[in-house]
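Novice: Those sequence lines, one after another, are chains A and B. Our numbering puts the first residue of the first sequence at 332, with every later residue one more than the last. Our numbering puts the first residue of the second sequence at 13, with every later residue one more than the last.
If you are wondering where the hints come from, they were derived from the structure by calculation, not from laboratory data. Fair warning: there could be bad hints in the mix.
Stated by the list, open to error - Straight-line Cα separation of at most 30 Å, DSS-like style, residue types lysine-lysine; simulated pairs:
#1 A:Lys339 to B:Lys182
#2 A:Lys339 to B:Lys73
#3 B:Lys73 to B:Lys14
Unchecked claim - Away from chain A, derived, C-beta distances all over 12 Å, residues of chain B:
#4 Tyr35
#5 Glu69
#6 Leu95
#7 Arg99
#8 Asn186
#9 Ile189
#10 Gln209
#11 Ala210
#12 Asp214
#13 Thr235
Unchecked claim - Quick list of the computed label-pair ranges, beta carbon to beta carbon:
#14 B:Leu151 to A:Leu358: 30 to 40 Å
#15 B:Ala131 to A:Pro342: 53 to 63 Å
#16 B:Ser149 to A:Pro342: 50 to 60 Å
#17 A:Arg348 to B:Ala117: 43 to 53 Å
#18 B:Val118 to A:Arg348: 42 to 52 Å
#19 B:Phe121 to A:Ile369: 23 to 33 Å
#20 B:Thr235 to A:Val352: 34 to 44 Å
#21 B:Gly40 to A:Leu349: 26 to 36 Å
#22 A:Val352 to B:Ala131: 42 to 52 Å
#23 A:Ile369 to B:Thr134: 42 to 52 Å
Just so we're clear, the structure is a prediction, and the values are computed from it rather than from any experiment. Just so it is clear, CB atoms sit at the ideal spot from N, CA and C, and this is done for glycine as well.
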Amino acid sequence: MSNKSSRKYQPTPRSERLVPVILVLLLLVLVATIAFVILSVLGVTPAV
Amino acid sequence: VKYLSILSTIITFIFAAAVFNRYRQRKGTHLLLWGIGLVFYGLGTLSEVILSITFSELALKVWYLTGAMLTAAWLGQGTFHLLVRRRGVASTVTLVLTVISILAAVLVFTAPLTPAAAAYNTAQPASAQYKEIMTRSGLVILLTILLNLYGTLTLVGGALYSAYLFWRKKVLFNRMIGNILIAAGALMPAMGGTFVQAGLVDWLYLSELVGVILMYAGFIQATTRPALESKPAVSTT
Numbered sequence: 332m333s334n335k336s337s338r339k340y341q342p343t344p345r346s347e348r349l350v351p352v353i354l355v356l357l358l359l360v361l362v363a364t365i366a367f368v369i370l371s372v373l374g375v376t377p378a379v
Numbered sequence: 013v014k015y016l017s018i019l020s021t022i023i024t025f026i027f028a029a030a031v032f033n034r035y036r037q038r039k040g041t042h043l044l045l046w047g048i049g050l051v052f053y054g055l056g057t058l059s060e061v062i063l064s065i066t067f068s069e070l071a072l073k074v075w076y077l078t079g080a081m082l083t084a085a086w087l088g089q090g091t092f093h094l095l096v097r098r099r100g101v102a103s104t105v106t107l108v109l110t111v112i113s114i115l116a117a118v119l120v121f122t123a124p125l126t127p128a129a130a131a132y133n134t135a136q137p138a139s140a141q142y143k144e145i146m147t148r149s150g151l152v153i154l155l156t157i158l159l160n161l162y163g164t165l166t167l168v169g170g171a172l173y174s175a176y177l178f179w180r181k182k183v184l185f186n187r188m189i190g191n192i193l194i195a196a197g198a199l200m201p202a203m204g205g206t207f208v209q210a211g212l213v214d215w216l217y218l219s220e221l222v223g224v225i226l227m228y229a230g231f232i233q234a235t236t237r238p239a240l241e242s243k244p245a246v247s248t249t
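So here's chain B without its partners, still in its complex pose (with noise of 0.2 Å):
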């Protein structure tokens, strides 16, 4: 499991460095959402690694939060904002998944852990133990449920859509490609949270890793331009 948890850190902070460089040289609101969703993305991952080796009150909430709750929301929205182009719409979703990613901190930091804290077992993955250390109210996991919906539904329905558009126009095929792949990868994590529930506690770290080599492979693929190709008027990237 730790070593899951060091490639998927390495790996997304990569992606997201990438992806942070591609929104320095195009711009884009989308890119920017996105380099912060990988950016949670990799505090999941890396508090996974804090983790397995010693037990942190702050990992933990961290791994929570980013992990559980932001991620694939942050990462939607950047699809959400590519793709709605009603002027103020995204603007406002976002401002809306500011202030609750706000509250979700807030509620997650200022809530205790239970005294099951104390007999934590670096041995066990996180997944396996955190219901038991932390105190988790019902709104905690509303948004929880709420953001993953949401953030699952933009990121995968918008890239399969994407796909299908190009697939259906004949154009862009690397883009497909890399809309697929990205789609695939997405949806790994978000399994991987429906295997954590079903108890199969460590496939959500095998889940990440390949969710965020897939999502990479994706990006890689539908920004590469070949020859002759030039500016598309609907991408993903």
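For reference, chain A alone in the conformation it holds in the complex (with noise of 0.2 Å):
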């Protein structure tokens, strides 16, 4: 049987803060893996 009240879990005030700076941080490493890869692409950073 499905509980949504269960699912739910209760934020402290840390957790709200952090972990969307997380999942940011993490995106923009994302983001720059990509890049690096592309601009080595174009022949702008060394080739893969």
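Dock chain to chain to rebuild the complex, using the hints, since each chain is given by itself in its own frame.
Specialist: Right, dumping it as structure tokens:
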């Protein structure tokens, strides 16, 4: 049986601040990694 | 380098067994695809171990095919299968990926090695020597880039998207943390490839180890069901 209330969690002020910061940081690293690969294809950085 | 690769190989195959075991219990094509991706990951790190002991053309080609070309794409395809619900889309993309993977295998295994293979140094990492030894056609390089872009975007992007949904809805804390760990872990080998291009060839091996540890920790975290928790509507496990 599904019980939606049991899936909820009570966020702490710390997790409320920390989680979005971590998500944005990881997203930035992802973008930087993808950008490096694209730049290498364009010959701006060392080739793959 | 050798010991990092040995550790990575052991952890990766244990992780793959855990994913296949979950697939056996729960079904779900995404689990099967993740399991296949992890077997590729493990074959890549196992090849590194072999190449640190002796030179083998087969090991070098398996290392390049699995580690550089297929792992990220197949792991990412698992996430794609989980998140894209429109009927037939994920299966079609899986079929295309299978055909591309077979093509990649044919291209890699039929490519001759250069005379530099005779001077292969087991004391140096394969990532520092493969460019001089392997003949890679333009198509192989293009496929390597496309498969890695696709795999990194779907695996990391999918995990971040899932973690964001859980955070926004304030549900399934353990799965939110699990997806953050999976995203961070998946970024490690992706960045490791970038390190190789930047000349930091040893970092690839460390990033592979840290990457698989983080992903495994994320998988355990996301699949551990807390007391009273019910089955989620959306998850990446």
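Novice: Evaluate each hint against the coordinates.
Specialist: Outcome of the hint check:
1. The suggested pairing of A:Lys339 with B:Lys182 holds, with an alpha-carbon distance near 6 Å, which does not exceed 30 Å.
2. About 48 Å separates the Cα atoms of A:Lys339 and B:Lys73, which puts this hinted pair outside 30 Å; it is violated.
3. Distance check on the hinted pair: B:Lys73 and B:Lys14 sit about 18 Å apart at the alpha-carbon level, within 30 Å; holds.
4. With a least beta-carbon separation of about 23 Å from chain A, B:Tyr35 lies farther than 12 Å from that chain, consistent with its non-interface assignment.
5. No beta-carbon of chain A is positioned within 12 Å of the beta-carbon of B:Glu69; the least distance is around 21 Å.
6. No beta-carbon of chain A is positioned within 12 Å of the beta-carbon of B:Leu95; the least distance is around 16 Å.
7. Remark: the non-interface label on B:Arg99 is consistent with the geometry, its nearest Cβ contact in chain A lying 24 Å away (cut-off 12 Å).
8. A beta-carbon of chain A comes within 12 Å of the beta-carbon of B:Asn186; the shortest separation is about 9 Å.
9. With 12 Å as the threshold on Cβ separation, the claim that B:Ile189 sits away from chain A is violated: the shortest Cβ distance comes to roughly 9 Å.
10. With 12 Å as the threshold on Cβ separation, the claim that B:Gln209 sits away from chain A is violated: the shortest Cβ distance comes to roughly 4 Å.
11. Listed as outside the interface, B:Ala210 is inconsistent with that label: its C-beta sits roughly 7 Å from the nearest C-beta of chain A, within the 12 Å cut-off.
12. Every CB of chain A lies more than 12 Å from the CB of B:Asp214, the least distance being 16 Å, so the non-interface label holds.
13. Every Cβ of chain A is farther than 12 Å from the Cβ of B:Thr235; the closest lies at roughly 15 Å, confirming the non-interface assignment.
14. Separation of B:Leu151 from A:Leu358 is about 31 Å and conforms to the stated range, judged on CB atoms against 30 to 40 Å.
15. For B:Ala131 and A:Pro342, the hinted distance range of 53 to 63 Å is satisfied, since their beta carbons lie about 58 Å from each other.
16. One distance hint, 50 to 60 Å for the beta-carbon pair B:Ser149 and A:Pro342, holds here, with the actual separation near 52 Å.
17. Between A:Arg348 and B:Ala117 the CB atoms are about 47 Å apart, so this pair conforms to the stated range of 43 to 53 Å.
18. A hinted range of 42 to 52 Å holds for the C-beta pair B:Val118 and A:Arg348, which are about 51 Å apart.
19. Separated by about 28 Å at the C-beta atoms, B:Phe121 and A:Ile369 satisfy the suggested range of 23 to 33 Å.
20. Separation of B:Thr235 from A:Val352 is about 26 Å and departs from the stated range, judged on CB atoms against 34 to 44 Å.
21. In this structure, B:Gly40 and A:Leu349 meet the distance hint of 26 to 36 Å, their C-beta atoms being roughly 31 Å apart.
22. Between A:Val352 and B:Ala131 the C-beta distance comes to about 48 Å, which sits within the given range of 42 to 52 Å.
23. Taking the beta carbon of each, A:Ile369 and B:Thr134 are about 34 Å apart, not inside 42 to 52 Å as hinted.
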